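Number of protein chains: 4
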Amino acid sequence: MIIVLKDGIGKDKIKSFSDELSRDYGVKVNTWFGTHSTVLGLIGDTQSVDIERVQANDIVDTVKRVQEPYKKANRKFHPDDTVIEVAGRKIGGGNIAIIAGPCSVENRDQICGIAERVKAAGASFLRGGAFKPRTSPYSFQGLRAEGIELLLEAKKQTGLPIVTEIMSINHIDLFADVDIIQVGARNMQNFELLKALGATGKPILLKRGLANTIEETLMSAEYIMSAGNEKVILCERGVRTFEDYTRNTLDISAVPVFKRLSHLPVIVDPSHASGIDWLVEPLSLSAVAAGADGLIIEVHNDPPHALSDGAQSVTPDAFDVIAKKVFHLKKALADL
Amino acid sequence: MIIVLKDGIGKDKIKSFSDELSRDYGVKVNTWFGTHSTVLGLIGDTQSVDIERVQANDIVDTVKRVQEPYKKANRKFHPDDTVIEVAGRKIGGGNIAIIAGPCSVENRDQICGIAERVKAAGASFLRGGAFKPRTSPYSFQGLRAEGIELLLEAKKQTGLPIVTEIMSINHIDLFADVDIIQVGARNMQNFELLKALGATGKPILLKRGLANTIEETLMSAEYIMSAGNEKVILCERGVRTFEDYTRNTLDISAVPVFKRLSHLPVIVDPSHASGIDWLVEPLSLSAVAAGADGLIIEVHNDPPHALSDGAQSVTPDAFDVIAKKVFHLKKALADL
Amino acid sequence: MIIVLKDGIGKDKIKSFSDELSRDYGVKVNTWFGTHSTVLGLIGDTQSVDIERVQANDIVDTVKRVQEPYKKANRKFHPDDTVIEVAGRKIGGGNIAIIAGPCSVENRDQICGIAERVKAAGASFLRGGAFKPRTSPYSFQGLRAEGIELLLEAKKQTGLPIVTEIMSINHIDLFADVDIIQVGARNMQNFELLKALGATGKPILLKRGLANTIEETLMSAEYIMSAGNEKVILCERGVRTFEDYTRNTLDISAVPVFKRLSHLPVIVDPSHASGIDWLVEPLSLSAVAAGADGLIIEVHNDPPHALSDGAQSVTPDAFDVIAKKVFHLKKALADL
Amino acid sequence: MIIVLKDGIGKDKIKSFSDELSRDYGVKVNTWFGTHSTVLGLIGDTQSVDIERVQANDIVDTVKRVQEPYKKANRKFHPDDTVIEVAGRKIGGGNIAIIAGPCSVENRDQICGIAERVKAAGASFLRGGAFKPRTSPYSFQGLRAEGIELLLEAKKQTGLPIVTEIMSINHIDLFADVDIIQVGARNMQNFELLKALGATGKPILLKRGLANTIEETLMSAEYIMSAGNEKVILCERGVRTFEDYTRNTLDISAVPVFKRLSHLPVIVDPSHASGIDWLVEPLSLSAVAAGADGLIIEVHNDPPHALSDGAQSVTPDAFDVIAKKVFHLKKALADL
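Residue numbers (numbering that gives the first Met the number 0), protein chains in the order written: chain W, 0 to 335; chain U, 0 to 335; chain F, 0 to 335; chain P, 0 to 335.
The set of hints was computed from the structure by calculation and includes no laboratory data.
It is possible that some hints are incorrect.
Claimed, not checked - 30 angstroms max Cα-Cα, derived DSSO-like pairs, lysine-lysine:
| no. | chain 1 | residue 1 | chain 2 | residue 2 |
| --- | --- | --- | --- | --- |
| 1 | U | K89 | U | K27 |
| 2 | P | K155 | P | K89 |
| 3 | P | K155 | W | K5 |
| 4 | F | K63 | U | K70 |
| 5 | F | K63 | F | K201 |
| 6 | U | K324 | P | K89 |
| 7 | U | K324 | P | K324 |
| 8 | F | K14 | U | K27 |
| 9 | U | K194 | U | K63 |
| 10 | U | K27 | U | K12 |
| 11 | W | K323 | F | K118 |
| 12 | P | K89 | W | K75 |
| 13 | F | K201 | P | K194 |
| 14 | P | K329 | W | K63 |
| 15 | W | K201 | W | K70 |
Computed from a predicted structure; not experimentally measured.
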């Protein structure tokens, strides 16, 4: 960590500040006196140093981290790709995992029917919302516990492991048989939930928040990991910008950046990123070309009558085409 | 709600779609046939109509709401300002309420000492963080339950009602004696928490999310209100933009917009909006000039040694000046 | 265009407003009286109707366009892809055109040397900045007229047509022998420049502005086209967001959206979008997978000594690999 | 400037890099060898050091400026407020200057009539658009040269100095008698225009771009100032964000930040910032409370028939009230 001090600070003040940093954080402090300003360099484990606190000091001009603030999620300390294995399916390390299914679980026929179709098309996991985060309290809120029961039936019928979103720390027990627990974008910084999920040991699909940086996303992964659970899958699902043609703006660069900074698997959600069914195919292909380890795609047998997110859901027929192209592309990229 | 259909849709299809809307949502549907396109107008209570579902229909081009999607928070149905009274202090309706105190509760002397100072300066409420949302799992997470105990002691000593943030639905019992429960920006769309707070009947200070629109903020208020608790205070605390000189970008326009769309009280948090101590004064004055019902300001006796947010905390001496100017300005505005 | 009127407006006022719209814009106005609100539907060519003016009327609640405001750039009126041919090279219609070269032209050896290398790797066009838009007046501003001379020499030597940016309407004469004139992101809404370029008849590479929507970009293309020049190439180069790891945020969705809304060719600039050399390859591949008609890539023989944008420039060796992969991927996609 | 090098770089490489920096930029380089990384500190005038070039070097990890990159606009080198005097009216230094008038000049009666009204209400300057930047080529583009003639007539009649926008370097001669030349948000980084305006010596009203930072705005001021013209007035007019209730998001914090970083006068444009007539009053008051030196407000005698921006224009009657409140507030603030 580099701390630039303001002009004209006396040596006494600098020394007492250095001593304080050294004592409080167990770091070594080097001082470099320049003509116009003085710079302190902190050596050691600076991850616990609170930037805001340092900045609050009167004599400090600016502070700059040199080390990344995440440790367990950091590729530097874990050069190999993390590969998460769930019921024989692998996520990470150059495999392509497709998670597909409806936005909301609606009834047995719907979820089982879609599960059969996406399995046939090559999906490795079934998704389906049981607890639904909706902007309006007057919108359908999901089948909740019953939705999870139906997902488990579809799993039994098709063998597909299931992925579904958790919305409250109070519901963790209901997720005991869920294969991958999803944390939605709106809960990415629900830190108490993250800590509790860290204690479950289950694979966690962590969606990037609407206005969260790449680094903040890695810090949320770090919350789960530092609570003892290293099975975290990162998911880029678009961020919020001024552009309103699409529901969100897919930050495709986040895919290679996450892969470079972290060893965790990275998947992309083209459905929420765009909010438009016909964009799912080109965004899926671009995600795979950018190096994503997988996709999570909303598929519905009857989008106009979907209880949520119909506009961005593709039909099973359209999904057949998308999955085929994705696997073909992945093969072509492997030859490069 | 206005639904614009695509070109060249047959009358049969239009009729069956209209009938479906009418049946599913209990609304009346008027059809207007134009030369190039057909428009449907939905009449009645359209708040339950799911825009996404309508958009997912093949024959629909675009959909536009005419009614706002919030009802209980809507000034149209509640023209008078809501005034929330807490231990004799009023928030809303042209009063200026100042909530002040440290980012984090650190120890008895700190919280009681600051409480005395901000009370003397004219603050009506004491703030202090017990549960702290921090980006890093390695940062100080707050004194938690003990922090609430210390706040209650400061309340006992000074008579100031207390405001503190809740981070998990699991902690609600700990907040039984808290006067105003704060929902932080990162939890603004933690819908399960909002519903649970709706059941408490306690005044809720709802902070706008980092990337949430004014309408979404009102919809989150609606979650609390529709669960039975109408005591919601809205708080503008800056949104996330490309500008990086300030920690966030204070959306000052949100103040008069919230006041026009809703009857709920609106306060401003200049400390989090800017992240910089010397901006707290000008932003406080501008908030009051824009019509805010109050302010929430971070005050710390020793900012460089604050356990969190030191850079944006003002000293008690600086707070004396700010409060004096704010009250003076409020008086001048009342004469306009 | 759909105009929703406020509640409780008298029929007389509505009639006189309808008559005015009809008279001023030559459109037919249909009125639909609902229970709570009245809706006007404008039929005919509504592209000249000024939304702001309509909104300024006291009786108007909201206005919604049904027709897109662009005509010449609109795929509806021109279903086939526009293919622009320059010196035997095609841009658009499923071809992949790569434009490559240094950020700034620095001297004869540099530009000719790079030109040879990018030609050998498969680039169809040479780029190089002669007039350089720089945030600081104290940064290198380009070789200006001399830079264009050097580009023309490189063209003579290699046969590659050249692409270079114009910064002022005053310089148009200097661009007489330039093959494709680039309008930079900062000038995308320099409307006087766009009109003047419309009069040149030369192919124009139009970069999307840092904070401009897809629709605004098409409106800027419309400026050039309505001034008589239909040879416009759209370029997505990233937009400005809160994410600061990358220089900009590549809006990959803009590629398929531009292709659907317009018949114009669409290329991607991964160098400016990311600002980081090692991101150029994955972003190039993702752009091609998303359907881009080409790429514009910064290549420099000695990035650390480039006079501008060194951090995002790739070496000729790295470019060899990128071009090879891009062509391989394009071939694989053609087989889908 | 602080340059953090990557881990494990040999001393030879560091020395040759330091020597190069020293030689190329005339700065002194101090080296601080840490355990894990090495830091270089550049001393002297680092404003000409190209950050991008430094970053492009293989051995560099990150670079951080300590000095601001603007010099002439910097308050450090010019502690006193710049006060610009135009025809006896002062802008800057604690005065409140109101610039008011229609978005577009439409005809003699309109501009002269509005001029009389805004003068009577206390405006010091008349604004009016002659050259109009419009998103659509099919919208009214302004009366152009004739518009300037009409403004000059209104000036003759009322004595109010005039402010109007320039859109092209080609039109500078037409602005010979204009008192303050406005650079619009879309041209804030039209650097060739800025340089040319630097040569005119006339007061320049520089609007912040839609997606430009505070620092970039100061760099654009620096372009004008380094070309010899120090009479620059900064104008905050809202930036582009995800919020769509208002046309833009007024960044009120920019006012005190500009005032702290620079000595130049700062005004606010509440009309463009909000796009809504009823927001002009609260935003004007908040701007003055935040320390603005003035306001630029759109006033139209008949907003529904304005040829542009009617929705955000206030009537002369409404302007009377706003101006009265603004002056009253300014007086109250002076007593603080």
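Evaluation of the provided hints:
{"no.": "1", "hint": "U:K89 / U:K27", "result": "43 angstroms, violated"}
{"no.": "2", "hint": "P:K155 / P:K89", "result": "20 angstroms, holds"}
{"no.": "3", "hint": "P:K155 / W:K5", "result": "52 angstroms, violated"}
{"no.": "4", "hint": "F:K63 / U:K70", "result": "23 angstroms, holds"}
{"no.": "5", "hint": "F:K63 / F:K201", "result": "35 angstroms, violated"}
{"no.": "6", "hint": "U:K324 / P:K89", "result": "26 angstroms, holds"}
{"no.": "7", "hint": "U:K324 / P:K324", "result": "18 angstroms, holds"}
{"no.": "8", "hint": "F:K14 / U:K27", "result": "25 angstroms, holds"}
{"no.": "9", "hint": "U:K194 / U:K63", "result": "28 angstroms, holds"}
{"no.": "10", "hint": "U:K27 / U:K12", "result": "17 angstroms, holds"}
{"no.": "11", "hint": "W:K323 / F:K118", "result": "35 angstroms, violated"}
{"no.": "12", "hint": "P:K89 / W:K75", "result": "58 angstroms, violated"}
{"no.": "13", "hint": "F:K201 / P:K194", "result": "27 angstroms, holds"}
{"no.": "14", "hint": "P:K329 / W:K63", "result": "40 angstroms, violated"}
{"no.": "15", "hint": "W:K201 / W:K70", "result": "20 angstroms, holds"}
The earlier numbered hints that this structure contradicts are 1, 3, 5, 11, 12 and 14.
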